[in-house]
Amino acid sequence: MRITVDTERCIGSGMCVLTAGEVFDQGQDDGKTVVLQPEPPPETWGSVREAVDLCPAAAIVLSTDRRSPG
Amino acid sequence: MGESPHAVTTMPTARRPGCPFDPPAELVEARRHGPISRYTFPGNRPGWLITGYDLVRSVLADSRFSSRKELMLHPTIDYGDIQIPPAPPGEFLLMDEPQHSRYRKPLMGKFTVRRMRLLTDRVEQITAEHLDAMAKAGPPTDLVTAFARPIPAIMICELLGVPYEDRGSFQEQVDSFMNGETSDEDLIAAYTATQDYLAGLVASKRANPTDDVLSDLTDSELTDEELKGIALILLAAGLDTTANMLALGTFALLRNPEQLAALRADPALADRAVEELLRYLSVAKTFMRTALEDVELGGQTIRAGSRVILSYHTANRDPERFTEPDVLDLSRQEGGHLAFGHGIHQCLGQQLARVEMRVAFPALVNRFPTLRLAVPPEEVALRPETADIYGVKSLPVTWDA
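The listed protein sequences correspond, in order, to chains A and B. Here the first sequence is numbered in the numbering used here, starting from 70 and rising by one per residue. Here the second sequence is numbered in the numbering used here, starting from 7 and rising by one per residue.
If you are wondering where the hints come from, they were derived from the structure by calculation, not from laboratory data. This one's a predicted model, so the numbers in the text were calculated from it and none came from an experiment. We put the beta carbon where it would ideally sit given N, CA and C, even for glycine. Hints are not guaranteed to be accurate.
[Claimed, not checked] Listing some non-contacts, in silico: residues in chain A with all C-beta distances to chain B over 10 Å: (1) Met70; (2) Arg71; (3) Glu91; (4) Gln106.
[To be verified] Selected chain A positions facing chain B (in silico; Cβ < 8 Å): (5) Gln95; (6) Gly96; (7) Gln97; (8) Ala127.
All chains should be modelled from the sequences, with the hints used to inform the complete structure.
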């Protein structure tokens, strides 16, 4: 699983930080999503997927590589 | 598709007696017929009402639906052919991109999860002071004035930089244009007074910046007029919404004693409890959008220019999305309620509201283990459906001193 964020779309709601705080943070000046772990460990995948679903601006995108079923 | 949808011809003005927390029966009935209904606006103007979770969420995320003030119709009042002016500078809730971002962007860094959590100590302190004052004055008391209103009022005023001595009159003005019962004349007077007050405040921040959000913003390219609009949105939203969540939420907890006991017994339940109360109560009940082009939605064609009412409350009680949605279950695991909206307008201050509720609810119920209503539940005065934000006018409570 690999995470990318469209910072142009991000509206700084903080839902990703609230949902998966070990993977996401917000820039302290602009409030935009910062990805702490672009390739998050499997134990976080559930909450990362939830963060993707909850993002009000659909700014977080997940991609999977062929090696992992993420 | 093209099946003739259910029709709702007037917005319900009351909730069923004895069910102050449930959405009006007509809206629940509409959702039973499907997520989208026809709605007739006053003046016989055709429009739409969306009551189902998935459709409400998808419209909120869809830029083909506008939030612009000048495109809105009032759901219950016929203003005839009066042209509604666009939102004043800074009032970004009623704007689309790119204007919306121009105002939201400079604020985003000021309401982050981390910054809001840093306010926890201050919220605890304010909460403790008000609980102390309640205990000292003794029972009974009105929980709205003693607790629910002052906590968010102090927090948002401190954050924005409204001086302590101005808080009382300012609070009254905001209440009078949010309570849904103010006459047009008084409404205009309150709005004008608030505008004048904020104009003065912005001018004083520019002259003598202090350590607050409004002073920070004077450093940006935003004009005084724009700052005034931003301040109005932030203060009104930050004050009235959380105040009503705290009061109505306490009412709901008192009517669900086993849930209240669970919250008291397990501090770790607080985060989930806040989310569940937000979902269950949905005090910001409805929002409006206007289609900018023809849109296919739930088997219907929404024509360009059509007005759409989004019912957050019935969406948050949609049985297709939530298990036993009409049950208040503080341990509920299902997330994704729409109480703060969705899409680009999702509540900017939501993390502040969470911190306030996260602290205030447990502190209240633990400080007063025998807290109970001081009047029969049916005598608790509720805000009318015409108020933008639902809640109680007052909440008489008592306890064993």
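Numbers of unmet hints, in rising order:
none
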